[in-house]
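A.B. asks: Given the coordinates of chain A, assemble chain B onto it according to the supplied hints.
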Amino acid sequence: MKHLISIEDLDRGAIERIVVQAERFAEVSDREIKKVPALRGRMVLNLFYEASTRTRSSFELAAKRLSADVVNFAASGSSVEKGESLKDTVLTLSAHKPDAIVLRTPWAGAAELVSRWCSAAIVNAGDGKREHPTQALLDVYTLRQRLGQIDDASIWIVGDVAHSRVARSNILAFQRMGARVTVAGPPTLIPRGIEELGCEIRYTLDELDSADVVYALRMQRERMSETWVPSTREYAAWYQINARRLTPRQILMHPGPVNRGVELSGEVVDSPQAVITAQVEAGVVVRMAVLYELLAGAREPHPVSAGASGAGNGQLAEAPAVAPAPPPVGAGRLA
Amino acid sequence: MSAKEPLTGGRQAPAELLLRDVHVLDPRARIDARHDLLVRGGRIAELGEPGSLEAGADEELIEGHGRLRLLPAFFDPHVHLRTPGQEHKEDLETGTRAAAAGGFGAVIAMPNTDPVLDSAPLLRSLRDAAAREARIPVGFLPAITRGLEGEQLSEMAELRQEGALGFTDDGKPVRSAGMLRKALQYQRLCGGVLALHEEDPTLSRGGSMNEGAVSAALGIAGIPTVAESTMVARDAALAGYEDARVHFQHLSCAASADAVADAKARGWRVSAEVCPHHLLLTDEDVRGMDTSMKMHPPLTTEADRLALIEALRAGTIDCVATDHAPHARDEKEVPFEQAPMGSTGLETAFAALHTSLVLAGVIELALLVERMTAGAALFELPTPSIAPGEPANLTLVDLDATWVAGEHGWESRSENCCFAGRQLRGRVLLTVAAGTLAHRDHTLAMVDA
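For the protein sequence lines, the chains are A and B, in the order given.
In terms of our numbering, the first sequence opens at residue -4 and continues consecutively.
In terms of our numbering, the second sequence opens at residue 1043 and continues consecutively.
Calculated from the structure, these hints are not laboratory results.
Just so you know, these numbers come straight off a predicted model, no measurement behind them.
Careful, some of the hints might be misleading.
[Stated by the list, open to error] SDA-like mimics (lysine to any residue), calculated; alpha carbons at most 25 Å apart, straight line:
id : chain 1 : residue 1 : chain 2 : residue 2
1  : A       : K77       : B       : D1156
2  : A       : K(-3)     : B       : D1332
3  : A       : K82       : B       : A1370
4  : A       : K77       : B       : V1376
5  : A       : K82       : B       : G1451
6  : A       : K77       : B       : Q1128
7  : A       : K77       : B       : H1130
8  : A       : K82       : B       : P1382
9  : B       : K1214     : B       : A1370
10 : A       : K(-3)     : B       : R1329
11 : A       : K77       : B       : A1370
12 : A       : K82       : B       : V1376
13 : A       : K82       : B       : A1263
14 : A       : K92       : B       : D1372
One chain only, chain B, in its complex shape:
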């Protein structure tokens, strides 16, 4: 039903590039070999044997020396760009710059802005702004309920006509099962995936971190994992009953993954995402009460972390999403319980997962690339693909490059990154999004030399 282009932004001049002797890895296209790749007019013009293609006068030459990896650009179905209303945290330009720096070729922005994105005129103006300001294409999920208040449906059909990719009340659950059911029914009219933040507020109330030994030791009220998993189970059942399409956001625990696996086994149309921080960190990392470690849902236990990795590997969880949630320094520089929830994540997602999962031998690089690009199809968008004729959506990475997260600052306006200060391996050197050059790392020239 969506009448408009689903994504806006990233409309700079088309890229003209020759990537010579790069190791191309596109798991879906079953490419894992050294190639030359020519981008002309923003499209992949040719894919040839290494050393077979020559750069024309208009094309920038980048040497891969057989070592640099060329991947399909990543897709992030869950970011907070904070526009409108909270531009002191992030805006369309800084947020998409951060995304491009992390190798993302497109992102989906959440509606918990100020005002809440819940009306067609606001969506129109936001899409116009993104077309002007965003470095890479941005899709929008307006609110399921007006003002995220859970009382009344937003005008979903009109929002879809205006280009809404789907809907979410992210940041909050749709508390009432009856209200969610109406949204699921209305989906038959207007389409659009319903993305769900799952949390039973009567269970999570007052909590600032995962409930368990660490919260008991710190004297911080805990959020039990059942606050999430019971809602995943409830809403999966509702989706099954209405034969509706739902996507579970930022799963954080083993029980939620089990609930999704159960729903998929029944043939219900559900999908799920997981964040890098839930795959790599646990509530033990909260002991220091660093407010960058405070997020929603909270960091859980090692057993949950391992179960999430397994679910991602098995495909129960379909994709990685960052839940990039910028907050200003003064908002986070407060006692843990007072701090807002969220960590930035766009600039570190690939490197952190590569370092701790791929290099550690937990998952294959090809699987990581697949899961970091799978989000597009879940929202009915074309999956980036490395094939002649396709629009260029590419990420060039140096898997051997070592860097310390945040050492040279951030592209994001905010610095509340849970991986800050960690030594990471794998660096995004170049991102081409929708055919335009969206990011070029400052070390690229040195690699070339």
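Next up, chain A with everything else stripped away, as it sits in the complex:
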């Protein structure tokens, strides 16, 4: 795996490999010193064309826990505001020789384009309304933590599917993992043709109790002014996930940030069924696994100790004189 651009590029085996690796990294997160030297000397560039606190800091933390160097480049307040094109920005930043570029843009397909312009591994952290593959991977991870496996689970994705890259990546990823996916929301926000991705469509939540997992999407306030729905009030009346609609056996997910009182009622956010903070936690370990997979060249699941071996050190890996596998943890020790 050279890049992570779309869930379409991953088969079930690849998704499982990343999830299993993430589970190993989760152990690290519980230790007092949360760092492994797997990507020491590697550089991860966060290139963000959209405001993002969560995703960016999650990637930053993931890279740092793998001992990589991290550079954050936000489009605002930079050369981009002076009219520099995406291509020129990427070429310029490539001069610093990043090993991976984590890219978020408002444009579908941008990650693919960038992968053609430079030699770094590209991680798509959201390209317009198209995909957000690491979100889908962390959602699969979170669900497996809860359910063990998600084969045959019924997952409902509820809300503004049309403008949601999370929805698209998750429809693909959940189905790859054997789940059945239904999208539900107002007809104005369910894109024509989405059923060809293999999901069912519902315009009401009448059958929501058939779901094992309810995945609510963020309802952006600007959609109201664009008259996609008549009002927040009407949207909430028809599509809000609240205690009345959510049954106790169902798991509630949300990619954050939550609009309390719009797509979710306050009481369900705070309920034990909600795994929203677990999703945030999963974000770091899954992104560690993704960076590790791309940069350390892991081909099959193996323990962190083996994974942090020579392969992670690039050229050094080929030098036979290098000492055997460095220890998995303990940032203070020499690898």
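C.D. replies: Here is chain B on its own, set in the frame of chain A:
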């Protein structure tokens, strides 16, 4: 009412040629046989049996070996030459060179330039420039509304006196039915076909490609085909009511073709064109998000594509137009949603249609030639014809020649061609436009040898 010659350009020295033993195909003249053809002083001087004519001292001899086809030069009623103001994309010289390379003997340029072509002085200077710089004759359609803003009519009568072929707001629809109606009424005074880009902006707003399964999968906002077809139906009805003459540009979907068929059945004076890319590509070709596949109207579904071919065959759609829309590399080398709309098409139109429609047995070569020359009459211009005494408007093609689009670069200044990289069969070897030699392919000498 037009007081001036409708076309300017292509005024080099007249061609002196003997085309020996070429297979002449002119569907309107019902010629489909091997002939010798002599061009003298830019006119077709003689049409004789193969091997019957001898080249004089002044005439270049081109051997057809009974194999090369000689066709009436193609006519493209829809190109963007980007002059004035966007010469980094194309200019009168490069655009008409590209046209000649594609076998076109004349083209009609659109007014969405910078400034917009909406005044007589600008039209005059542009026609003067075309007379100096254009390789083949160029006609101009100035804007229906000033600045293409849809608020106020341009000075249509004065523009017609200055040589306007007709009018269009191409690139944009005339959004207001009331405004279009005024233009249709004013046509009674000044004449000139009104060519219409049909799109309801309230339906297409924000879209970058056809709405459907592909746009849903890519997360790209879609443009529904009804954005076009409802406007075709509206404007056909307006034209019928005012008994006006309108031409629908670049039809992209089955529903639009149906609306045109309905209008024609009612006797309304409408005509329509279709682009090679809508006949040959679909929104599935957008999956790779190649920005050369982004155009207005967008590539639609396979069902639409097949309906458009059928409409072209049946004559519901009158002619082929390229909508040649050059953009600079840096403008297209951006994410799909940011890229400007348009593909170049002059250099590939015939070869692409020949390869995918004629060779595939979908339509006959004669029909393709008819539809690629029919645009002239729609704009009240003489149709190129292969007959003694006629001005030489000729295209010599090698139907067996295989080439890869763009392999040796382009005559156009821009390279944003949706057919780039495709293997095509059929190559234009020679174009004579308005009696002058406008294009000679670099392989012609090799064919001769």
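A.B. asks: Does each hint fit the structure? Answer for all of them.
C.D. replies: Structure-based check of each hint:
1. With a C-alpha separation of about 24 Å, the suggested pair A:K77 and B:D1156 falls inside the 25 Å cut-off, and the hint holds.
2. Distance restraint check for A:K(-3) and B:D1332: the Cα-Cα separation of roughly 21 Å lies within the 25 Å cut-off, and the hinted pair is therefore satisfied.
3. With a CA separation close to 14 Å, the supplied pair A:K82 and B:A1370 stays within the 25 Å bound.
4. For a cut-off of 25 Å, the pair hint linking A:K77 to B:V1376 stands: about 16 Å separates their Cα positions.
5. A distance of roughly 23 Å separates the Cα atoms of A:K82 and B:G1451; the hinted pair therefore holds under the 25 Å criterion.
6. Straight-line distance between C-alpha atoms of A:K77 and B:Q1128 comes to about 22 Å, which keeps the hinted pair within the 25 Å bound.
7. For the hint linking A:K77 to B:H1130, the alpha-carbon distance of about 22 Å falls within 25 Å, and the restraint holds.
8. At roughly 16 Å between alpha-carbon atoms, A:K82 and B:P1382 fall within 25 Å of each other, so this suggested pair holds.
9. Of the pairs offered as hints, the one joining B:K1214 and B:A1370 holds, with about 21 Å between alpha carbons and a cut-off of 25 Å not exceeded.
10. A threshold of 25 Å between alpha carbons decides the hint, and for A:K(-3) with B:R1329 the separation of about 20 Å falls inside it, so the pair holds.
11. With a C-alpha separation of about 20 Å, the suggested pair A:K77 and B:A1370 falls inside the 25 Å cut-off, and the hint holds.
12. Taking the CA atoms of A:K82 and B:V1376, the gap is near 7 Å; set against the 25 Å cutoff, the hint holds.
13. Between A:K82 and B:A1263, the direct Cα distance comes to roughly 23 Å. Compliance with the 25 Å bound is thereby established for this hinted pair.
14. A threshold of 25 Å between alpha carbons decides the hint, and for A:K92 with B:D1372 the separation of about 24 Å falls inside it, so the pair holds.
Hint check: no violations occur; every hint is consistent with the structure.
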